[in-house]
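Asker: Chain residues, written in single-letter form:
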Amino acid sequence: MTAELGSFALILAFCASLAQVGLSFAGRVRRDATLTSCGEGAALAAFAAIAIGFATLIWAFVTSDFSVANVAANSHTEKPMIYKIAGAWGSHEGSMLLWCFMLTGYGAAIALARALPWALKSLTVGVQGALGVLFIGYMVFASNPLLRVLDPPVEGRSLNPLLQDPALAAHPPFLYAGYVGLSVVFSLALAALIEGRVDSAWARWIRPWTLAAWSLLTVGITLGSFWAYYELGWGGWWFWDPVENASLMPWLMATALLHSSVVTEKRGALASWTAFLAIGAFTLSMLGAFLVRSGVLTSVHAFAVDPKRGIILLGVLGVAAGSGFSLFAWRAPRLKDTQVFAPISRESALVVNNVILAAVTSTVLVGTLWPLLLETVGRQGGVGGPYYNLVVGPLMAVAFIVLPAGPLLAWKRGDARGAAQRLAAAAAVALIAAVTVYALVSPTRAMGAVGVAFGVWLVAGALTEAAGRLRVGRASLAENARRFVALPRGAWGMTLAHLGLGVFIMGVAFETSWRVEAAQVMPVGGTMTLGAYRLRLDGVTVMPGANYDAEQATITITDRAGRLACLARPARRTYDVGGATTSRVALCPHGLDDLYTVIGERRAAGRQSTWLVRSFVNPWIHLVFLGPLLMALGGAISLSDRRLRLAVGRKAVARLPRLAPAE
Amino acid sequence: MRTGRWAAILGAVLCLAAAGDPADRLHNPTQEARARSLFRETRCLVCQGESIDDSDAPLAADLRRVIRQHVASGASEGEVRAFLAARYGDFVLFRPRLTWTNALLWGAPFLVALAGLALLIGRPRTAPMADLSPDEEARLLALTRPSDNMTPELSSKNAPGLTET
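Residue numbers (the numbering used here), protein chains in the order written: chain X, 394 to 1056; chain Y, 781 to 945.
Just so you know, the hints here were simulated from the structure itself, not pulled from any lab data. Mixed in with the good hints, there may be bad ones.
Interface residues of chain X toward chain Y, partial, derived using beta-carbon atoms under 8 Å [stated by the list, open to error]:
{"id": "1", "residue": "395"}
{"id": "2", "residue": "559"}
{"id": "3", "residue": "627"}
{"id": "4", "residue": "741"}
{"id": "5", "residue": "755"}
{"id": "6", "residue": "760"}
{"id": "7", "residue": "783"}
Derived coverage of chain Y by chain X (criterion: at least 3 residues anywhere in the stretch with Cβ under 8 Å from a Cβ of chain X; other residues may be distant) [stated by the list, open to error]:
{"id": "8", "segment": "852 to 859"}
{"id": "9", "segment": "864 to 876"}
{"id": "10", "segment": "912 to 923"}
Derived CB-CB ranges, DEER-like [said to hold, decoys possible]:
{"id": "11", "chain 1": "X", "residue 1": "864", "chain 2": "Y", "residue 2": "890", "range": "16 to 26 Å"}
{"id": "12", "chain 1": "Y", "residue 1": "817", "chain 2": "X", "residue 2": "718", "range": "18 to 28 Å"}
{"id": "13", "chain 1": "X", "residue 1": "398", "chain 2": "Y", "residue 2": "869", "range": "31 to 41 Å"}
{"id": "14", "chain 1": "Y", "residue 1": "867", "chain 2": "X", "residue 2": "937", "range": "20 to 30 Å"}
{"id": "15", "chain 1": "X", "residue 1": "441", "chain 2": "Y", "residue 2": "817", "range": "52 to 62 Å"}
{"id": "16", "chain 1": "Y", "residue 1": "856", "chain 2": "X", "residue 2": "836", "range": "21 to 31 Å"}
{"id": "17", "chain 1": "Y", "residue 1": "809", "chain 2": "X", "residue 2": "957", "range": "22 to 32 Å"}
All residues carry an ideal CB built from backbone N, CA and C; glycine is no exception.
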């Protein structure tokens, strides 16, 4: 009965979204605040209905109700409870429901937002409702997660073992909250284009939504990267795989948007470009949702692939993005952009940032879609990691050189020499770091040293800028402390995000240049050398798990002096249902490094069993994950800025419907 | 005869299974390093987007063996890539070669960057003079009267020459 209730709730949500569109647009056209209030009510109703549907799906998973087709296909009574709950979004249908849950959730959040002026808000709620109609419609008509089966099986087919990991509970919700958070920015952009007013006030209004979506997306991608790092057992954390690229593209676009919207907010310039990015970011989110699910591209992370429904998703994407960009093409030329700025100015620095991020985004976009593009001319081909590294590397290097100077330059006309003087110390530190690393870390790797120099340059640049803002060395300590507290949090968020980028780059430089790898087939008692470490396979035992049997190895890792560095316990799990095996990596954190050990399948060689043991030393890998988390934290701190919260206080004036013509 | 054939098949299977093993490595470390870097640039055709360096699949092991043979016999990276592309198509290469078909792929990012820079450099350096119609002049006068507060309408219109304070 609950599943029917849930299905009903989903249909109700579809109807509520339709009402949301109709009421909001009609209310705006007739300048009727009652109608638009009803539209906002419909947005809340759609969210409540989707929440009910989502709750019933989770309930069906929790109670292992195999009469629901989706539960039968993706769950099993013996699966641990956390994977029963997380399994609710581990499938095509379930993940779309999570998407719609987020979409209507954001819709409800806009409906409750008080800072927006009435006209813009009503249109935003309307556009968000239109997105709801498309996606909830897709779910209700083509991908209903709550459909029953006529003949319920006694037992479910269980979830793909690769997905049975605690990360499944956290990674998709964060990622989707980020992806779909960009829908608000999309809706705000379309609403502003319809109103014909994309200005600094609008740029301020999109800021909190962009920041929230960007931070959540950053966390989501980092979690996913970490998951792939310990799940796939290849020692790497980024593979330039289509699914990873699908998440990176909206992130790059949102990053560009965060920076261009600053220019629009402070200087009123780049308005149409900011609007373009706002539309583009969510378009790339939708493209990702399509690529991941349609199976048009091969991926190591492929899940929930369904080509037939992929076509419908492509249609949804086409309608949403098509109408968005058409509206942009029609209205954007009317936006005036007459603000001038010198070639050396903060505007210029931010434009350089945007140009490079746009170039990187197009690299990833063209590279990801390349197999499809070639297929249309009857050829085959594809690109991979080496291509992206070769193209993205030099582009980003230019951005990194400019980055620390940006915040030091004044608006309109900056002082290049002054910025260079203030950054001289940072440049010196970066150079010393590079030389030191090149001389001391063996084997010598020029690219690694250059990478470290960039990382140190970014960190030192961010600190220089912060020190300047605190007037360190030019004022008393008390004054420094006062400024530390008094300065806007948005500025601290920026500093922290830029610092996080530097930390990330240092990690990447170290990890890719000085990773040590060793592999050997060994019997119990066998040893192998891994850089400065020694591994010894002490034994292999079979241990039963919740819904699998694990073959777990005990490997002692000692350092050069013979001290115990780590007791690694990598394992191979064979799942009872389906018999699939997964490998469980043993991670030993060691300072900033990880000792990473994987065990292969048992091989019988004569009477003795042997195992292939693969092991990596991933130096400074923790910085690779710490950096993006710092960036996300920067976003969150920026989000708590008083200036963004102050906007809330103006509600009383802003809410009144304006009766004067807006054009 | 019969046992001989079985032995050959068994030998082939063992050979395949062992190809992923460290025992297959070339004795010359520079050659092995070159082979490894080629593995990372070669797609495992039967897997989901893995390189043959990462994959456990038999075909990947087979390809690793072939590449090692080529490298051991002194073939250059370019020759090995050309061989792979001729045998399996361009799809096998993670780093596409510079051909006319691939011109868009290699050129697009830099075109976008150059176009962006051209737009930045080509921006007008001076603000165009404000040309207000009489109607707008009247509105401007009405709006700038001291008794009026700044309303969002005004700040958002961005009338040239007005917002520069």
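Asker: Against this structure, judge whether each hint is valid.
Answerer: Now the hints, each set against the structure:
{"no.": "1", "hint": "395", "verdict": "violated (36 Å)"}
{"no.": "2", "hint": "559", "verdict": "violated (23 Å)"}
{"no.": "3", "hint": "627", "verdict": "holds (5 Å)"}
{"no.": "4", "hint": "741", "verdict": "holds (7 Å)"}
{"no.": "5", "hint": "755", "verdict": "holds (5 Å)"}
{"no.": "6", "hint": "760", "verdict": "holds (7 Å)"}
{"no.": "7", "hint": "783", "verdict": "holds (7 Å)"}
{"no.": "8", "hint": "852 to 859", "verdict": "violated (count 0)"}
{"no.": "9", "hint": "864 to 876", "verdict": "holds (count 7)"}
{"no.": "10", "hint": "912 to 923", "verdict": "violated (count 0)"}
{"no.": "11", "hint": "X/864 <-> Y/890: 16 to 26 Å", "verdict": "violated (42 Å)"}
{"no.": "12", "hint": "Y/817 <-> X/718: 18 to 28 Å", "verdict": "violated (41 Å)"}
{"no.": "13", "hint": "X/398 <-> Y/869: 31 to 41 Å", "verdict": "violated (52 Å)"}
{"no.": "14", "hint": "Y/867 <-> X/937: 20 to 30 Å", "verdict": "violated (46 Å)"}
{"no.": "15", "hint": "X/441 <-> Y/817: 52 to 62 Å", "verdict": "holds (56 Å)"}
{"no.": "16", "hint": "Y/856 <-> X/836: 21 to 31 Å", "verdict": "holds (23 Å)"}
{"no.": "17", "hint": "Y/809 <-> X/957: 22 to 32 Å", "verdict": "holds (30 Å)"}
Of the numbered hints stated above, those contradicted by the structure are hints 1, 2, 8, 10, 11, 12, 13, 14, listed in ascending order.
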